[in-house]
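Working from the sequences, and respecting the hints, build out all of it.
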Amino acid sequence: MRHLWLIPALPFAGFLLNGIFGRRASKAVVNAIAVGSVALSFLWVVKTLLSLGGMETPHAERYFTWIESGILNVGFELAVDRLTAVMLLVVTGVGLLIHIYSTGYMAHEGGYYRFFAYMNLFMFFMLILVMANNYLLMFVGWEGVGLCSYLLIGFFFLRRSASTAANKAFIVNRIGDFGFALAMFLMVVQFGTLDFAGIYPAAAEMPAEQTAGILTAIALLLFVGATGKSAQLPLYVWLPDAMEGPTPVSALIHAATMVTAGVYMVARSSALFLQAPLAMDVVAIVGLLTAVMAATIGLTQFDIKKVFAYSTVSQLGYMVLAVGVGAFGAGIFHLMTHAFFKALLFLGAGSVIHALSGEQDLRAMGGLRKKIPLTFATLLCAAVAIAGVPPFSGFFSKDEILLAAHHHAPWMYWVGVITAAMTAFYVFRAIFMAFFGDSRGHHHPHESPPSMILPLAVLALLSLAGGFIPVPRFLEPLFPAEGAHHDFALVAVSVGAGLLGIGLAWLFYVSKPGLADSAAARLGALYRLVYNKYFVDEIYDATVVRPLIGGSRAVLWRGVDAGVIDGAVNGIAQRSRDLGILLRMFQSGNIRSYAAWVLLGSVFVLAVLGVMGGLR
Amino acid sequence: MPASLFPPYEDLLRILPEIVLTIAGTLVMVLEPALRPERKRLLGGIAIAGLLVALWGTAVANLFRGPAFHQMVVVDGFATFFRALVIVVGILAVLCSIHYLQRERPDSGEYYALVLFSVVGQSVMAAANELIMIFIGLEISSIATYVLAGYLRDDRRNNESAIKYFLLGSFATAFLLYGIAWIYGAAGTTNLVEIRRVLSTPELAPPRFLVGVSAALMFVGFAFKVSAAPFQVWAPDVYQGAPAPVTAFMSAGPKAAAFAIFLRVYMTAFEPISNRWEPVVWLSALATMFVGNFAALLQNNIKRLLAYSSIAHAGYVMVAVSAHSEIGTAAAMFYLAAYAFMNVGAFAVVTHFARQGEKYVDVDDLAGLGHRQPVTAALFSIFLLSLIGIPLTGGFFGKFYIFKAALEAKLYWLTVIGLLNSAVAAYYYLRILVVMYFHEPGEAAQTVSPVAPGVKIALWASAAGTLLLGIFPSVILDFADRSAALMK
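As given, the protein sequences belong to chains P and A, one line each in that order. Residues in the first sequence are numbered consecutively from 0, following numbering that gives the first Met the number 0. Residues in the second sequence are numbered consecutively from 0, following numbering that gives the first Met the number 0.
These are computed hints drawn from the structure, not numbers from a lab. Just so it is clear, the structure is predicted and the values come from calculations on it, not from any experiment. Just to be clear, a hint being listed does not mean it is correct.
[To be verified] Cβ-Cβ distance ranges computed for the label pairs, FRET-style: (1) R207/A with L277/P: 54 to 62 Å; (2) L467/A with A196/P: 24 to 32 Å; (3) A484/A with L42/P: 48 to 56 Å; (4) L71/P with R207/A: 34 to 42 Å; (5) A211/P with F471/A: 36 to 44 Å; (6) L51/A with L277/P: 33 to 41 Å; (7) E204/P with F471/A: 57 to 65 Å; (8) Q355/A with L453/P: 53 to 61 Å; (9) Y62/P with F63/A: 31 to 39 Å; (10) A203/P with P278/A: 50 to 58 Å.
For each residue, glycine too, the CB sits at the ideal point set by N, CA and C.
Structure, rendered in structure tokens:
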């Protein structure tokens, strides 16, 4: 026993303490509990991993039997293997940094204790998600992080848009979870278990003629879950809106950890996906399309957080592409480096917003380079990392993915390269618009407190050097070799694309400002299409939301739910001694029509059951 | 030698809960006129004491498993499960009612007797093994509930609710009774096990048509009582109009008992013709889920919203019934237990919040409750999350088992549609959460009074039950699994 349970239990204790007593506690105490619990959890992760050594086999701990019913037996079981080890370090490490940052960022906000209680609760569920040793427990974490995300997006509840965004995130995720749940049921039916250790060997041994049907269905349904959580087409719409939450939340939940859960889940289920080539193709193509589409939208946005949000969707697309082409190690590698540089981008953006007292529009920024130099320097580190400039972290992980894509299908590589150029462009566009040129706003920027700068510095270091952590090699025993070999020409092309993107951004926004506007004007309709995010929200609204609500209103409101309790029959009820009551009652409208309903229903049931002998 | 007039000692023990409850109810009636209004709440204490003794009586009866009174009732795990469930619901309902009654109608204490008698009827339903007993139990339960729905005589909404419930309920019960007559005519017996034997013996089997018609007629009666489509129309009006604690009670207890007789009749007597009734139940489950969830999307009155939600949940249980397997029966049992806790809990919050004359019963009235009374709001959130079906709550495992059972019965489409429905359902529960936490406190939340002690106990107990079933489901599930095999 290495007491793995302590890892999630510590943040949970923090949640309970802050949730119950935080209201009356001082900020220092709330900080100590919130940050301390995550720090201890991080230390316990490090200690556990060191003592586990090479982790050639997963280390599992079963605490109690959770469900025992008929064929299904599920234990409350946590496990650590190499994949989980990487996730644990990312979640607790980045999580710790963001908790520290939040103590500075949220210092002036109301509901301080509530914020940290939710954040700790999120950590708890996220750690359950990555440490679960069966799908049911994973689903608990999966739903739990969604719930915390909901609460935190809606944290600034006074803004109406915040609660709308929170609702949207929750509902869209429910659609994804529906896929996950269905996959789980199919696994119960097919394998009689939900344990990873039970399902994967059984799946590997299934003959090919069987796998085509059931395993593909399971894999695709799991992937539906992943598209919800990891914001892939067609369910990505919630993530950009989720930026209504406080910036540390965007960094932790909607960039570094929760949204990567889908990628983790697919990598975890690699044994299933590898048996279902069709599902793998779907995964790869969805990932690639998401990457391109989100990158194009990112090119046109003016809200700094929206730019990074679409960037997150795009980068998640890369990760999904990676796992789709079978490069699971590369996908997890990019997940890690992305956690570093994207958390940094968001925290840096938060620092900018903080400095400008809440301004998020890039057009109102400019010239901040000299006023908040530390923030500028750290953001620049993140930008070169995401743009894929060697030798920074994004370069290594993105290259692994692009090489694997080329090995799988060359056209995927080329689409990926174009996306990489767009990525470099939109990130540097944001940097240049915010930090270069003349100040366009009327703010008096001030540098952020040390509690915010310190995490930025650590993340900057990780963004720059994180690529030298040999994650893919570390994960090799878990996943079959991909067979992509290093090709200098391909690497050079993708690096060139990144540099080209940076150069163009410089040209458009620093050396020749005004060029961007004229280009946008010349593109006209196309620009407007992209700027309005392809009108996807409007399309969903028109094709799904409105018909649903309208249909409910038209059919159910008028047809079924006509009755309202307003005392309308009371005139009759008062004369209840009257012998004619029954008659009157039936003439009073509702009751008569209700009775007619019962009668009609009875005729139907009688017809089906009695006369027709059942539908079968 | 003629049989003794006095039934054997074991037989009496087997109906111990009913005996205890009847005595307690009668005691309440006798004491009621003797008590001054301010002391009437003593009667609530007597009712709770009676229910607790009856719970113990259920455990005692469970030691003497087997049929009693010439097979009219049977004590098995299934009966024990539902007896305990309806008694617990009774306790929670009484806890919610004490303060409410003092406020709304302090001069009267028969309320508690009515609750006790209704529970007697439900308890009889749980253990009945014979159609006449089923009918008697159902009527005992229903008539008491009709009166409860209209308990505040001067409230117009109460009157409307009671009249509608009574008229439509009688209408539907007539179908049930007619169905009983048909099957008695066809099979020559009203004992469920005997009916099963007759139906499954080819040389004895009556014409399929007769059996089908009687199954259909009885289905109407059952479906009405569990508020399954297309016989759900009464539920929103009745739930909305009745006093809030009564709604809490009747949306959980009578519904659970009605499902108990539904399951027992269909899984025992009519099981030989299951291929005939399965599609009907299937379709009804589908329609029930749709009507409940989609109509709930549009509601502003929280009682009406919860009424539609309760219809939707009946739809999920119908899915379990249409699986017609022991796993399905166990899933239905578990779900009804989880549902009882989360639903009574939710209505307890409504009871607390509505105030004098049930003034605040709109969703928007709850605005800012999360800031005014964080604990109440947190408990309400637990119930709502459980109704949505989020893991670590009873509602999640309830749905999990039901859909697992449905898949094992190869009801693939029903499972898919059911899951999609539960995704839609998240929307209207979420609205309540949003209003509670993300809106500025309105007039209703500003003036909210402290939670009455009885309601507080009910809230905490329901929350504990909801979480217990979500974190350690095996506690109940084991028992449900072992009890799902009915006497055949």
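Against the structure, the hints:
1. For R207/A paired with L277/P, a C-beta distance near 46 Å fails the hint of 54 to 62 Å.
2. Distance hint check: the CB atoms of L467/A and A196/P are about 28 Å apart, consistent with the given range 24 to 32 Å.
3. At about 52 Å, the beta-carbon gap between A484/A and L42/P stays in the expected band of 48 to 56 Å.
4. Judged by the Cβ atoms, the range 34 to 42 Å given for L71/P and R207/A holds: they are separated by roughly 37 Å.
5. A C-beta distance of roughly 39 Å is found between A211/P and F471/A, which places it inside the suggested range of 36 to 44 Å.
6. For L51/A paired with L277/P, a C-beta distance near 59 Å fails the hint of 33 to 41 Å.
7. For the pair E204/P and F471/A, the supplied restraint of 57 to 65 Å is violated, since their beta-carbon distance comes to about 34 Å.
8. One distance hint, 53 to 61 Å for the beta-carbon pair Q355/A and L453/P, holds here, with the actual separation near 56 Å.
9. Separation of Y62/P from F63/A is about 38 Å and conforms to the stated range, judged on CB atoms against 31 to 39 Å.
10. With their beta carbons about 39 Å apart, A203/P and P278/A fall outside the hinted range of 50 to 58 Å.
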